[in-house]
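Chemist: Residue numbers (the numbering used here), protein chains in the order written: chain A, 1 to 312; chain B, 313 to 538.
Worth flagging that the hints you see were computed from the coordinates, not collected in a lab. It is possible that some hints are incorrect.
Derived pair list, reagent style SDA-like, types lysine to any residue, alpha-carbon separation capped at 25 Å [claimed, not checked]: (1) A/K16 with B/N387; (2) B/K442 with A/R13; (3) B/K392 with B/R374; (4) B/K365 with A/L310; (5) B/K406 with A/T9; (6) B/K392 with A/L310; (7) B/K509 with B/D497; (8) A/K10 with B/F446; (9) A/K311 with B/D377; (10) A/K311 with B/K365; (11) B/K392 with A/L11; (12) B/K406 with A/F23; (13) A/K311 with B/S380; (14) A/K229 with B/K406; (15) A/K311 with B/Y372; (16) A/K311 with A/L11; (17) B/K406 with A/L30; (18) A/K10 with B/L389; (19) A/K311 with B/L361; (20) B/K406 with A/A31.
Residue strings, one per chain:
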Amino acid sequence: MEAKTEFKTKLRRVMKAGFVNFFRSGYVSLASVLVMIITLSTIASVIFMGAIFNTTLEELRNKVDVNVYFLTSSSEQDILDLQKRLESLPEVANIEYISREQALANFKLRHENDQITLQALEELGDNPLGAALNIKAKEPSQYQGIADFLGQDNILSRDGESIIKVNYLQNKTAIDRLTKIIDSSKTLSSVVMLLLVVISIVITLNTIRLAIYVSREEIGVMQLVGASKNYIRGPFVITGIMYGLVASILTLIMFLPITYWLGGVTENFFIGLNIFSYYLSNIFQITFIILLSGIAIGAASSLLAVRRYLKL
Amino acid sequence: MISFNNVSKKYTDNSVALEGVSFDVSPNEFVSIVGPSGSGKTTLIKLILAEEKPTSGKVYLRDSDIHSLSGEDLNQLRRKIGVVFQDFRLLPNKNVFENIAFAMEAAGREEGEIEADVPHVLELVDLPHKAWNFPHELSGGEKQRVAIARAIVNQPDIIIADEPTGNLDPMNTYDIVQILKKINDLGTTVVLTTHNKGVIDSIGRRVITMQEGRVVRDDPSGKYIL
Numbered sequence: 001m002e003a004k005t006e007f008k009t010k011l012r013r014v015m016k017a018g019f020v021n022f023f024r025s026g027y028v029s030l031a032s033v034l035v036m037i038i039t040l041s042t043i044a045s046v047i048f049m050g051a052i053f054n055t056t057l058e059e060l061r062n063k064v065d066v067n068v069y070f071l072t073s074s075s076e077q078d079i080l081d082l083q084k085r086l087e088s089l090p091e092v093a094n095i096e097y098i099s100r101e102q103a104l105a106n107f108k109l110r111h112e113n114d115q116i117t118l119q120a121l122e123e124l125g126d127n128p129l130g131a132a133l134n135i136k137a138k139e140p141s142q143y144q145g146i147a148d149f150l151g152q153d154n155i156l157s158r159d160g161e162s163i164i165k166v167n168y169l170q171n172k173t174a175i176d177r178l179t180k181i182i183d184s185s186k187t188l189s190s191v192v193m194l195l196l197v198v199i200s201i202v203i204t205l206n207t208i209r210l211a212i213y214v215s216r217e218e219i220g221v222m223q224l225v226g227a228s229k230n231y232i233r234g235p236f237v238i239t240g241i242m243y244g245l246v247a248s249i250l251t252l253i254m255f256l257p258i259t260y261w262l263g264g265v266t267e268n269f270f271i272g273l274n275i276f277s278y279y280l281s282n283i284f285q286i287t288f289i290i291l292l293s294g295i296a297i298g299a300a301s302s303l304l305a306v307r308r309y310l311k312l
Numbered sequence: 313m314i315s316f317n318n319v320s321k322k323y324t325d326n327s328v329a330l331e332g333v334s335f336d337v338s339p340n341e342f343v344s345i346v347g348p349s350g351s352g353k354t355t356l357i358k359l360i361l362a363e364e365k366p367t368s369g370k371v372y373l374r375d376s377d378i379h380s381l382s383g384e385d386l387n388q389l390r391r392k393i394g395v396v397f398q399d400f401r402l403l404p405n406k407n408v409f410e411n412i413a414f415a416m417e418a419a420g421r422e423e424g425e426i427e428a429d430v431p432h433v434l435e436l437v438d439l440p441h442k443a444w445n446f447p448h449e450l451s452g453g454e455k456q457r458v459a460i461a462r463a464i465v466n467q468p469d470i471i472i473a474d475e476p477t478g479n480l481d482p483m484n485t486y487d488i489v490q491i492l493k494k495i496n497d498l499g500t501t502v503v504l505t506t507h508n509k510g511v512i513d514s515i516g517r518r519v520i521t522m523q524e525g526r527v528v529r530d531d532p533s534g535k536y537i538l
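Excised from the complex, chain A in its bound form (with noise of 0.2 Å):
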C-alpha cells in the first residue's frame, strides 16, 4: 500500500499549495507584502543613497587639478617645453594647454552679463591673461608629487624670477575638506541604512512568523497525519517565496515614479547625477539584487518561522 511518488509529483504538490495558499490567506499575504516592500525599498534607498555619494565623492575628486598659470611674457616655446617635460612625469593623466587667447575667451564668456568687467577689459587693450596649463594626475593623491615638481625653483625662470604661479594648495585645501566632509557623511549614513535595513528584515521576519503561528495547529495535524517535515515545509516555504516575488516586483515598479521625480532634485543638488537615469542604466543588477532579497528573506524567514512548530 505505501506507494512512492515521484520527486517531481511531490515537487508540484507542495508548489501548488504554496500558491494557492498565497491566494486563500488573501489578509495575511498582503500585510506580509506591504512589510516586505518596506524592507526592500530600505535595500534599494541604499543602492540609490550610495550611488549619490560614490558619483559625487568622484566628481569631486576631478574637480582637484593644478593648474600653472604663466606670466603673459612667456614665449608659447617655454610653455610647450614644461608642458613636454610634466608629460613624461608618470603621475600625469593628461594636460590641456589654455593659450592667452582661450583663456581671453573663456574670461569674456564667464562674465558675458557682467558689462563693467567687460568694459574695463576692453579699456586695457591689451590682453591681460596669461597662459595656463591644466593638469590632471591619474590619482588624486599624486597631485602632491606634481605640485612638488612644480615648486622647484629652477623649473622654468627667467632672469632667477619664476614665470610661474601654481594653484594647487590653495584649492586643495578646500576640496580636501568637501571630501571629508562627504566621505563621513557617506559612512555615517551607511550605519543608518544598515540599521534600518536590520530592523525591516526583522519586522518583516516577525510578520511572516505571525502568518505561520496562525497555521501552527495545522502544523501539528500535518504531522499527525504522518507528512514528512520537508513535506509540511514545503508549501510554507515557496509561500514566503512568493511574498518576495510579489514585494519585489512592486517595489521595482515603485521606484520608477519615485526616482522620476526625485531625479531633477538629485541632479541639481547633487553634482550631476539623475537617479532615475542610474535606475534605468542599472535596472538588471538593481533588479536582480532586489529580487534576490525578497526572495531570500522570504523563504529564510518561512523556515525559522516553520521550523518552531515542527516538533512533534
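Could you slot chain B onto chain A? The hints should help.
Modeler: Structure of chain B alone, referenced to chain A:
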C-alpha cells in the same frame, strides 16, 4: 495491536497524568476509554500518536516501540493510524476534498488513487455534495465526518477518536458513532475516548475506565459506570 506496558507519564513532579497503565488491544477490537476529565484519557491518546513520550514504560504498536522511532519511520507509522479529534482540526485553507487528499499526498499516493478514493470515502460519510466547501462553511457534524473521512482514507490499521462527539448534538453524535461502528465492522481497530454515557451504552463493546491516571476497570462488554 496496541500494547501499553506499565506506562507512566509525569508532566512535572506533582502532575502525574498516567501511572502504571497496562493493557492490550487486539486487532479488530472496538475499545472505548472512559473517565472524568483529568483521568489521563488524552495523555493516553497522545502517547499512542507519539505526540508525547512516556516517563517510564513502553508503548508498542504492532511489535514496534513507538517512542524509539523517529523521522521517516514515525511518519510511516502515523500513516497507519487515523486520528479524529474533538475539535476536528481540519486544515482551514483547504476545501473538503483537499483536506482528505492531503492525508493521501502525505502518504505518497498517486494522483489517480486520490481522484478515485476521496469521492469514495466522502460517500461513506455521506458528504459527497460538500467536496468543494471549506471547513468554515460546514456544521460541526459535517466537519467531524470530514475528519473521519480523512482518518480512514489511507486504510489505516487503527482509528483513534479522541472525544469525537464532544462538540456535537445528539443526532450528529449518533451518526458519528454509527460511522465508527461501520468502520470497525470493515476490519479496522477503533480506540474511542469519551465521557458520553449514551455513546458507550449504545456501542456495547469493551470499556476501559480510567481514574486519576490509572485503569480502574476493564469490561469486555461494558457499560459506563463511575
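Chemist: Are the hints correct? Go through all of them and say.
Modeler: Consistency of the hints with the structure:
1. For the proposed pair A/K16 and B/N387, the alpha carbon gap of about 22 Å is at most 25 Å, so the pair holds.
2. Proximity of B/K442 to A/R13 is assessed by CA-CA distance (about 22 Å); at most 25 Å being required, the pair is judged to hold.
3. Of the pairs offered as hints, the one joining B/K392 and B/R374 holds, with about 11 Å between alpha carbons and a cut-off of 25 Å not exceeded.
4. Taking the CA atoms of B/K365 and A/L310, the gap is about 16 Å. The hint holds against a cut of 25 Å.
5. Annotation: proposed proximity of B/K406 to A/T9 holds, straight-line Cα distance about 19 Å (limit 25 Å).
6. For a cut-off of 25 Å, the pair hint linking B/K392 to A/L310 stands: about 20 Å separates their Cα positions.
7. This hinted pair checks out: B/K509 and B/D497 have alpha carbons roughly 22 Å apart, not beyond 25 Å.
8. A C-alpha spacing of about 23 Å is found between A/K10 and B/F446, which places the hinted pair at or below 25 Å, so the restraint holds.
9. Distance hint between A/K311 and B/D377 is fulfilled; the C-alpha atoms sit about 19 Å from each other, no more than 25 Å.
10. The suggested pairing of A/K311 with B/K365 holds, with an alpha-carbon distance near 12 Å, which does not exceed 25 Å.
11. At most 25 Å may separate the alpha-carbon atoms for a hinted pair to count; B/K392 and A/L11 meet this at roughly 24 Å.
12. Taking the CA atoms of B/K406 and A/F23, the gap is near 12 Å; set against the 25 Å cutoff, the hint holds.
13. Taking the CA atoms of A/K311 and B/S380, the gap is near 15 Å; set against the 25 Å cutoff, the hint holds.
14. Annotation: proposed proximity of A/K229 to B/K406 holds, straight-line Cα distance about 19 Å (limit 25 Å).
15. The suggested pairing of A/K311 with B/Y372 holds, with an alpha-carbon distance near 21 Å, which does not exceed 25 Å.
16. At most 25 Å may separate the alpha-carbon atoms for a hinted pair to count; A/K311 and A/L11 meet this at roughly 23 Å.
17. Proximity of B/K406 to A/L30 is assessed by CA-CA distance (about 19 Å); at most 25 Å being required, the pair is judged to hold.
18. With a C-alpha separation of about 20 Å, the suggested pair A/K10 and B/L389 falls inside the 25 Å cut-off, and the hint holds.
19. Among the hinted pairs, A/K311 with B/L361 is consistent with the structure: their alpha-carbon atoms are about 13 Å apart, no more than 25 Å.
20. Annotation: proposed proximity of B/K406 to A/A31 holds, straight-line Cα distance about 21 Å (limit 25 Å).
Consistency note: the structure conflicts with none of the earlier hints.
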